[in-house]
Every structure is written in structure tokens, then in C-alpha cells.
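Residue numbers (UniProt numbering): 1 to 422.
These are computed hints drawn from the structure, not numbers from a lab.
It is possible that some hints are incorrect.
[To be verified] Capping the alpha-carbon separation at 25 Å, the derived lysine to aspartate or glutamate pairs in DMTMM-like fashion look like this:
1. Lys214 to Glu204
2. Lys384 to Glu371
3. Lys384 to Asp417
4. Lys422 to Glu333
5. Lys312 to Glu353
6. Lys312 to Glu370
7. Lys422 to Glu371
8. Lys339 to Glu349
9. Lys214 to Asp374
10. Lys274 to Asp216
11. Lys312 to Glu333
12. Lys312 to Asp323
13. Lys422 to Glu353
14. Lys339 to Glu370
15. Lys422 to Glu349
16. Lys274 to Asp240
17. Lys277 to Asp216
18. Lys213 to Asp160
19. Lys422 to Glu296
20. Lys214 to Asp240
21. Lys316 to Glu353
22. Lys384 to Glu349
23. Lys312 to Asp240
24. Lys384 to Glu353
25. Lys316 to Asp293
26. Lys316 to Glu349
27. Lys316 to Glu305
28. Lys401 to Glu371
29. Lys319 to Glu305
30. Lys316 to Glu375
31. Lys274 to Asp246
32. Lys384 to Glu370
33. Lys401 to Glu370
34. Lys339 to Asp374
35. Lys277 to Glu305
36. Lys312 to Asp293
37. Lys277 to Asp293
38. Lys401 to Asp246
39. Lys214 to Asp167
40. Lys213 to Asp240
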Amino acid sequence: MRRLSLFVVVTALLVAGAVWLAERPGQAVIHWLGWKITAPVPLVLGGLLALLLLGTLALRVFRAVLATPGRWLAARRARRTRDGYRALSDGLAAVAAGDGRGARRLARRADKLLADSSLTGLLTAQAATLSGDAAEAENRLSAMVERPETALLGLKGLMDQALLRHDHAAALDYARRAWALGGPAVGLAATLFDLQARAGHWAEAAATLDEAKKRDALSGGTLARFRALTLLERSRGERDPVLARDLAIAAHRADPGFVAAAAQAALALHRADKPRKAASLLLTTWRIAPHPDLVEAWLALAPAETPLQRVKRLDKLVKANPDAADGHVALAEAALAVKLWGLARSHLERALEQRPTTGLYVLLARLEREERGDEHAATAWMAKTAAAPVEPAWICATCAKPTDRWQVTCPHCGAVDSLEWK
């Protein structure tokens with residue numbers, strides 16, 4: 001409707017102008033270089049209009065001719081940019097597929113077409129890493145650090161390079177700088193905490209966790225576990241017994257299933273003459289994650305008790321978690337010490353149903369000898385130890401090596417919180 005209205009208005013104006021000129025005839029006389037030209041006014045006006053249109057057309061053609069090289073160059077640049085981004089995209093896909101040779105070829109093509117190392121730096125660095133060219137990768141990543149837009153990506157790349165060569169000090173420095181930028185921190189918070197824990201910088205690690213909570217950079221479960229680790233290690237290094245106790249209790253509260261924290265907190269409470277609170281704390285963790293260290297901590301609460309009193313206290317522990325084989329084994333050993341043969345046998349059989357081990361067969365053989373003097377039955381139990389599953393132990397999930405006691409870092413490879421009871 002708008003175009004139709006405009007057409008009607010323009011047509012009406014042209015018609016009105018034509019009628020106005022027709023009603024006012026006249027002659028236009030032009031004297032130029034001795035020439036005298038006489039023509040009707042409408043013809044002169046029409047000629048002027050034609051000259052104006054012809055001049056406008058000639059000017060457009062002239063401009064188009066002048067602009068042709070520029071348009072050709074712009075089209076060439078656009079084509080190169082399009083091809084460069086396609087090479088960049090294909091190169092990143094090659095990196096994801098592990099094709100180092102293809103990634104380097106596409107990185108060189110993208111570098112040539114885009115002529116901007118800040119755009120192609122990440123691809124070139126990743127391709128160089130796949131090809132084993134660490135120097136080229138670090139050069140490209142270092143160049144990315146110079147630009148604010150790519151600094152975070154460059155620092156994270158340099159951190160990964162340092163981790164590949166096991167240079168944890170350099171990796172920690174890069175992680176700190178990347179974290180200080182305050183940008184997206186997917187995966188960075190956990191890595192920074194891991195590096196701080198390896199270095200024993202627990203106060204700094206605690207500050208990182210506080211900031212990670214503000215940025216929502218760690219899941220709730222991971223944050224609680226890291227906080228428990230930090231509090232426990234700070235407790236172990238604290239000279240003030242009251243503060244050390246409070247830190248250990250806070251570690252247990254952060255992760256009630258954390259065996260080492262429960263044992264540490266119970267020991268501190270026992271030293272503070274708070275055995276009931278210590279016992280309650282141990283029972284809480286025993287119900288979640290039963291472990292021989294908890295049995296040891298439970299017995300340490302009453303070191304002067306009689307053998308029969310020990311049996312009664314261990315019975316309370318077993319009843320708190322009847323599905324824990326370690327509780328039945330501990331109670332059976334205590335029963336053997338006071339010659340409660342029936343009680344010992346029932347708990348050994350219950351443990352045998354849950355988790356047969358070499359140690360359990362040895363206790364059953366001992367029971368046969370001490371209760372009945374049955375050497376034949378004892379020998380039969382001992383014969384089963386050859387094919388019995390090994391006793392559970394702390395095994396590093398990273399290097400698969402065992403260790404006697406839980407530690408925050410593996411004593412063999414240094415991995416943080418990697419020891420698993422299995």
C-alpha cells in the first residue's frame with residue numbers, strides 16, 4: 001500500500017506539471033558562440049532532464065569502473081577468510097580425532113589464509129602437541145597470552161604443557177595466573193586445587209575453594225571433599241591442639257564419610273576427654289564407610305579396658321553396621337581372646353559370607369585348633385588361603401601402587417586424593 005500510494009502521488013505530480021506547462025506555452029532563446037537557438041520551454045526542460053539523467057548514469061558507470069579492483073580484492077579477502085575459517089574448523093576436528101599430521105597441515109593452511117596468529121594459535125599449538133613439538137606449542141600459546149581475549153586459553157594451554165612434562169611448579173604458576181583473570185573456570189578450579197595440594201599450600205587452597213564456591217566452579221560434592229582434605233591437612237600441621245581439633249571436626253562435618261578425618265577428629269576428642277562425642281563421630285562414619293582404621297580408632301577410645309569389655313564395645317560397633325565385614329572380624333578376634341568360641345565362630349562365618357580373605361581363613365583355622373583341637377579342619381582352612389582374595393589395601397587409582405596408610409598424596413606418584421581402599 002505504501003508503494004502504491006507513492007506511485008499515485010508521483011504520477012499525479014508529473015501529470016499536474018505537464019498540464020501546467022501545456023497551459024503556459026512559450027519560447028526559450030539561447031545565444032551561444034554566435035548561435036541562436038529557439039525552442040519551446042517544455043522541450044528545453046525535457047532536454048535538461050535528459051542531460052541530468054545521462055550525467056548521473058555516466059557518473060555511476062565511472063564509479064563502478066573505479067570500484068571494480070576494490071570489490072575484487074574484497075571478494076578475494078572474503079574467500080580467503082572463508083577458506084581460512086574452514087581450515088581452522090577442520091583442523092580442530094582433526095585435533096579432536098587425534099590426527100596430528102592432518103591437524104598441522106590444516107593449521108599451516110589456516111595460518112596462511114587468515115594471517116592472524118591470534119586466531120590460529122590454539123590450533124597450531126594443539127597440532128604441535130600431537131606431533132610432539134612442545135617448543136612450537138609453547139611459542140604459540142605464549143603469543144595468545146599477550147592478547148586479553150585469548151590470555152585465559154593461552155595460560156590453560158601452557159598449564160597443560162607443563163603438566164605433560166611433569167613440571168608442577170610451572171603449572172601452578174600458570175594456573176594461578178589463569179584463575180586470577182576471573183573468566184570461565186571449567187576444570188581450572190580442580191586443577192589449581194590439585195597443584196596447590198601437591199605443593200602443600202593449604203591456606204592458599206582454602207582461599208581457592210572459597211572463590212570457587214562464589215564462581216560456582218565446582219560441584220557440591222567435589223567442593224565438600226576438597227574442603228575436607230584441606231581442613232584435615234591443616235589440622236595435621238596445626239600446633240595448637242584446640243585449633244587442630246576444631247579443624248579435624250570441621251573436616252569430618254564437610255565429608256562425614258571421610259575415614260581419615262573421622263579417625264583424626266576422634267583422636268583429638270579423646271585427648272580432650274570427650275569420649276562420647278568421639279564415639280558418636282566414629283559411628284557416623286562407620287555407618288557410611290566402614291574401615292579397619294575406624295575399628296582401630298574405636299578401640300583406642302578405651303585402651304585400658306578388659307578383654308570382655310572390648311567384646312561388648314565391639315558388639316555395639318557391629319550392630320551399628322551389620323553389613324561391615326571388618327566389624328565382624330574385629331569382634332571375632334576379641335571373642336577368641338576370651339575363649340567365647342560360639343560368638344567368634346558366628347561372626348567369622350558372617351564375615352566369610354560378606355568377604356572371604358586370607359586373614360579370615362587363618363582365624364578360622366585358629367578357632368578350630370583352640371576350640372576343638374581339630375588340626376585336620378585347621379589344615380583345610382589354611383589350604384584355602386592359597387586361592388583366597390588378598391586383603392584390602394590402600395591402592396592409588398593413578399599409579400596402582402599400594403601403600404600402608406592413607407595419605408592426601410600418593411607417596412609413589414604424588415597424585416592428590418587418589419588412594420582407594422580395595
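Results of checking the hints against the structure:
no. : hint             : in the structure
1   : Lys214 to Glu204 : holds, 16 Å
2   : Lys384 to Glu371 : holds, 20 Å
3   : Lys384 to Asp417 : violated, 35 Å
4   : Lys422 to Glu333 : holds, 22 Å
5   : Lys312 to Glu353 : holds, 23 Å
6   : Lys312 to Glu370 : holds, 22 Å
7   : Lys422 to Glu371 : violated, 32 Å
8   : Lys339 to Glu349 : holds, 16 Å
9   : Lys214 to Asp374 : violated, 66 Å
10  : Lys274 to Asp216 : violated, 37 Å
11  : Lys312 to Glu333 : holds, 13 Å
12  : Lys312 to Asp323 : holds, 18 Å
13  : Lys422 to Glu353 : holds, 17 Å
14  : Lys339 to Glu370 : holds, 8 Å
15  : Lys422 to Glu349 : holds, 21 Å
16  : Lys274 to Asp240 : holds, 17 Å
17  : Lys277 to Asp216 : violated, 34 Å
18  : Lys213 to Asp160 : holds, 23 Å
19  : Lys422 to Glu296 : holds, 18 Å
20  : Lys214 to Asp240 : violated, 30 Å
21  : Lys316 to Glu353 : holds, 20 Å
22  : Lys384 to Glu349 : holds, 15 Å
23  : Lys312 to Asp240 : violated, 35 Å
24  : Lys384 to Glu353 : holds, 15 Å
25  : Lys316 to Asp293 : holds, 16 Å
26  : Lys316 to Glu349 : holds, 19 Å
27  : Lys316 to Glu305 : holds, 15 Å
28  : Lys401 to Glu371 : violated, 39 Å
29  : Lys319 to Glu305 : holds, 20 Å
30  : Lys316 to Glu375 : violated, 33 Å
31  : Lys274 to Asp246 : holds, 13 Å
32  : Lys384 to Glu370 : holds, 19 Å
33  : Lys401 to Glu370 : violated, 37 Å
34  : Lys339 to Asp374 : holds, 16 Å
35  : Lys277 to Glu305 : holds, 18 Å
36  : Lys312 to Asp293 : holds, 19 Å
37  : Lys277 to Asp293 : holds, 18 Å
38  : Lys401 to Asp246 : violated, 33 Å
39  : Lys214 to Asp167 : violated, 29 Å
40  : Lys213 to Asp240 : violated, 28 Å
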